[in-house]
Structures are given as C-alpha cells and as structure tokens.
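Quick mapping for you: the protein sequence lines, in order, are chains A and B. Following the numbering used here, the numbering of the first sequence begins with 1 at its first residue and continues without gaps. Following the numbering used here, the numbering of the second sequence begins with 1 at its first residue and continues without gaps.
Keep in mind the hints are simulated off the structure, nothing from the lab. A portion of the hints provided could be inaccurate.
Since the list gives no way to pick out one identical chain from another, each pair is judged satisfied if it fits inside one copy or across any two copies.
Unchecked claim - List of simulated lysine to aspartate or glutamate pairs, EDC-like, C-alpha gap at most 16 Å:
(1) K75 / E2
(2) K21 / E33
(3) K6 / E33
(4) K6 / E58
(5) K42 / E65
(6) K6 / E51
(7) K55 / E33
(8) K75 / E51
(9) K6 / E79
(10) K6 / D37
(11) K42 / E82
(12) K42 / E74
(13) K12 / E58
Since the model is a prediction, treat every value here as computed from it, not as a measurement.
This is what each chain is made of:
Number of protein chains: 2
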Amino acid sequence: MEFQAKINVTLKDSVLDPQGKAVTHALHALHYESVSDVRIGKYMEVRLEAESAVKATELVHGMCEELLTNPVIEKYSFELVEVVS
Amino acid sequence: MEFQAKINVTLKDSVLDPQGKAVTHALHALHYESVSDVRIGKYMEVRLEAESAVKATELVHGMCEELLTNPVIEKYSFELVEVVS
Chain A
1 MEFQAKINVT
11 LKDSVLDPQG
21 KAVTHALHAL
31 HYESVSDVRI
41 GKYMEVRLEA
51 ESAVKATELV
61 HGMCEELLTN
71 PVIEKYSFEL
81 VEVVS
Chain B
1 MEFQAKINVT
11 LKDSVLDPQG
21 KAVTHALHAL
31 HYESVSDVRI
41 GKYMEVRLEA
51 ESAVKATELV
61 HGMCEELLTN
71 PVIEKYSFEL
81 VEVVS
C-alpha cells in the first residue's frame, strides 16, 4: 500500500521565532495591521510504501525523530493518507 | 473575532525540488528505503483579527499573493480556524 504523509514542523512555543517576527512586520508594512502573530515552520510531503497504516505511522514517526525534525526545539504533527490510484 | 490561518506552501508539481531529493537520499541512507518521494515546503501560522470568516479568508489570500508565496513557482492552501479563547 502506498501512503502520503503531510508533515508540519514548527518551533516549540517556548522558542523565539525571529523569521516569524520579520514576516509580521512586513505584513504590517503592507497594511495587514490586523495580523498579531506569525510562526514559520516547514511542511513536507513524504510518499512511502508500507504494509498497513499502522506500520506507515511508525515509519513516519521514526523519520521525524531521526532526520526531519530537531526534537529539542521543534514539534511536528502529520496527517497520513492512503494513495488509492 | 480572532482567527488562525494554517498555511501550507509547496513548489508547483512541475518545479524541481532538489531539497526534497536530498532528503529522499538521506532517508534511504538511514534505511527508510520504502520512501519514494519527498517534497519540501513552508508552513505558516498567522493570527489575525477580522469581522468575519469570509473577511479573514480574503485577507489571507491577499497576504499569500502579496508576500508569503511566489505565485510563479509555488502554490498554497490554508485552513482557517476561529480562536475561541
């Protein structure tokens, strides 16, 4: 079975996000004054083969912890979908 | 009303993604051989004030087109949630 994982990685809430602050200021300068906060993270789409959804979930957790995220300062969440055709 | 937009930005399918290719190879080297493809993008969480969900949606489309994405090579999608407390 083929799956696609849509992974969102963000800095933990306790970690300062200077890039997000810069984007907030840029939006204010473009007259989007109603924006109060921006946080910037990464988005990854991973396609993989696995025997079952449970196995695929395990694999994605493994990848996130070993390579795709830095668990000291980042947190992640993902959505797994089965690719039907 | 306060809203949060969760915005995912990815390269268009027709645009090469060398960073994704590098991550695919790194995952293979870590014995995740079942991964066939990785695409890397950006994830942004934007908090904003607006009178209604319709108005907030308009604002987020505006920001994405004016600043947050490059419409020539990137596409975006977002989910809007109302922040209740």
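Is it within, between, both, or neither for K6 and E79, if the alpha carbons may be no more than 16 Å apart?
both (5 Å within a copy, 14 Å between copies)
Tell me, please, which holds for K42 and E74 at an alpha-carbon limit of 16 Å: within, between, both or neither?
The answer is both: 10 Å in one copy and 14 Å across copies each meet 16 Å.
How do K42 and E65 come out at 16 Å by Cα distance, when the copy is not named: within, between, both, or neither?
Only inside one copy: K42 and E65 sit 15 Å apart there, 19 Å across copies, limit 16 Å.
Since the copies are identical, ignore which copy is meant and state whether K21 and E33 lie within 16 Å (CA to CA) inside a copy, between copies, both or neither.
within (13 Å within a copy, 38 Å between copies)
Within a copy, between copies, both or neither: which one fits K55 and E33 at a CA-CA cutoff of 16 Å?
between (45 Å within a copy, 14 Å between copies)
How would you classify K42 and E82 at a CA-CA limit of 16 Å: within, between, both, or neither?
Result: close neither inside a copy nor across copies, 22 Å intra and 22 Å inter.
Please work out whether the CA atoms of K75 and E51 approach to 16 Å or closer within one copy, between two copies, in both situations, or in neither?
Cα proximity of K75 and E51: none, with 27 Å in one copy and 31 Å across.
Copy assignment of K6 with E58, given that the CA separation must stay at most 16 Å
within (14 Å within a copy, 25 Å between copies)
Alpha-carbon proximity context of K75 and E2, limit 16 Å
Neither, since 25 Å and 24 Å both go past 16 Å.
With identical chains treated as interchangeable, where does the CA-CA distance between K6 and D37 reach 16 Å or less: within a copy, between copies, both, or neither?
between (24 Å within a copy, 12 Å between copies)
Check K12 against E58 for me: Cα-Cα at most 16 Å, and say if that holds within a copy, between copies, both or neither.
This pair counts as neither: shortest intra-copy Cα distance 22 Å, inter-copy 29 Å.
When no copy is named, should K6 and E33 be tagged within, between, both, or neither for a Cα gap of at most 16 Å?
Neither, since 31 Å and 18 Å both go past 16 Å.
Violated hints, in rising order: 1, 3, 6, 8, 11, 13; the structure is consistent with all others.
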